Amino acid sequence: MGRSQGSLRGHIATPALLGLPVAWLIAFFVVPIVIVGLYSVDVYSLFPGAHGFTLGAWHGFLHSSVYLGLFWKSVKMALIVSAVVVALAYPVAYYLALSGTKRKYVLLLVLIAPFLTSYLLRVLAWKVILGNNGVLNSFLAWTGIRSANHPLSQLLYSRFAVILVLAYVWVPFVALPIFVSLDNLDRRLLEAASDLYASRWQAFLRVTFPLSLPGVVAAFFFVFIPTVGEFVTPSLVGGTSGYMYGNQIADLFSTGFPDWETGSVLALFLLGVVAVLTLCFARFTQAREAT
Amino acid sequence: MDVALSRNGRRLLSGFFALLVVFLYAPIAVLLIFSFNDSDIPTFPLSGFTTRWYHQFATNPDLKAALGTSAIVAAISSAGAVALGILASIALARRRFVGKSVVSAVLLAPLVIPYIVFGISLLLFFHATGIPRSLLTVVIGHIVISLPYTILVLVPRLTQIDTGVEEAAYDLGAGPYRTFGLIVLPLILPAVVSAWLIAFTTSFDEYAVASFVVGTRQTFPIYLYSAVRFPNNLPQVIAVAVVVLVVSLLVIIGAEIARRFAERRLAA
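In order, the protein sequence lines correspond to chains F and Y.
Read in order, the letters of the first sequence correspond to residues 1 to 291 in the numbering used here.
Read in order, the letters of the second sequence correspond to residues 1 to 268 in the numbering used here.
Be aware that a few hints might be false.
Said to hold, decoys possible - Cβ pair distances, simulated, as ranges:
no., chain 1, residue 1, chain 2, residue 2, range
1, F, A148, Y, A29, 22 to 30 angstroms
2, F, D183, Y, D38, 29 to 37 angstroms
3, F, L55, Y, P132, 29 to 37 angstroms
4, Y, F97, F, E191, 40 to 48 angstroms
5, F, F53, Y, N232, 47 to 55 angstroms
6, Y, F230, F, G60, 34 to 42 angstroms
7, F, T285, Y, E263, 23 to 31 angstroms
To be verified - Covered stretches of chain F (in silico footprint by chain Y; criterion: 3 or more residues with CB under 8 angstroms from a CB of chain Y, positions within the stretch not fixed):
no., stretch
8, 81-88
9, 96-110
10, 121-130
Unchecked claim - Short derived list, chain Y residues pointing at chain F, Cβ under 7 angstroms:
no., residue
11, D38
12, I120
13, N232
14, L245
15, V247
16, I257
17, A258
Hints are computed from structural coordinates only; laboratory data are not their basis.
These figures come from a predicted structure and were not determined experimentally.
All residues carry an ideal CB built from backbone N, CA and C; glycine is no exception.
Please model the entire structure based on the sequences and the hints provided.
Put into structure tokens, the structure is as follows:
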């Protein structure tokens, strides 16, 4: 980076480079969030009339068992989804990175390709499959495995459906960071462990797994963050029992009885939690890189 | 002895890999099968082969309009995101400046914001400033979402390039714009193309943010979302889904083959 001094001549100035992108994000990302803050304290309001600063909506939110309960439910669902997804992706990433297969990049592409296609359409596919008269139930009835009068009724519009579909959506993505951390592993460490009479399991638990932990944490984080605020999948396959915190926010802004003040509070609370988690994650990766 | 896997472990894991791939592709295969099924509802047993769902969607004006709208939105927003991304990436990769960590945090923050929060933020912003909701507001939102992805693709590529070639261009009297156009841009072109592809597909498929800021003209995801709520549309939607999924899988495979071909040529 010693180049920066010498390359000053004739270069485009740094403010000219950063001006537009930073201005764009301030205008259309930072300012909108500040405006949400103003709505949450009723300085701005959907309804015209006299307004003043009030923390009423914040107070109401923090004392509401409904909203906080819904938040915890979403946290729990996101934790389950992240754990399931990491548990499914880890063995596959391990196989690709460490089995010595020559086609590992081809197989990795096969694994990841679905993630790069339409999210909405993959959710739609499950809606077709899981319905009471859907593909799965009609298949079971047709083959005589289950009576047509007693379909598996909890498949669609349930918490189960939301967790299944979100896990389906995220598995290919999560395999990637875990694969990278395992692929970068120095195999000589495993040979050393083996020379020192470690069994494969011991080598895995004491060497491989700890070294792949940054990938696992990154994978967990990158699934948990979008899932805790998810509202598209639950609104398509969740029904009432799969209703999540994100759906509540969306409904406060879009139903016949909008409540932008409360909705802003809910949104900012979610944003705060995500921001704290992101800072912890950034600290974790920095600490890892430093050592 | 293989220290990572025993023979049985390898068999077990390759079996598990195969199962997971089946799990990932089975829903797409189900859509493919039922897109040709001659019945209004997708259920077993199958009731004969038909291509009428494909004909129906090919002649459905709303659907075609939505696809066209999304193509326009994705084209404009991806071009915007890549342009802003190139500017920001050059600064992040090549310059030292005060507050760099804050600037890069702001530039990458849209990666982690829940889309529901960003969607309602834009809604309130456009409401407060009196900007009417339209395709333009969708484009604005999609540029914000895609920008960090373009930076994540472009910065590593820029740091890979030997800055000596740029210095040489300056020494030979090229100005900053000619140096960029003749030296830097060709060198980072593969990364620019991937950044553009990511931004385009992100926008084309984006529902959450668009649902809050879209005007009267529907984008494709918004059309899809409302269409799946009516069962009589379902077979058509399944046919569209198959077309979009298959085309995107082909593009992914094509891009990968092209990338490998380019790498091999560079290595040779």
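Hint numbers the structure violates, sorted upward? 2, 8, 11, 13, 15, 16 and 17
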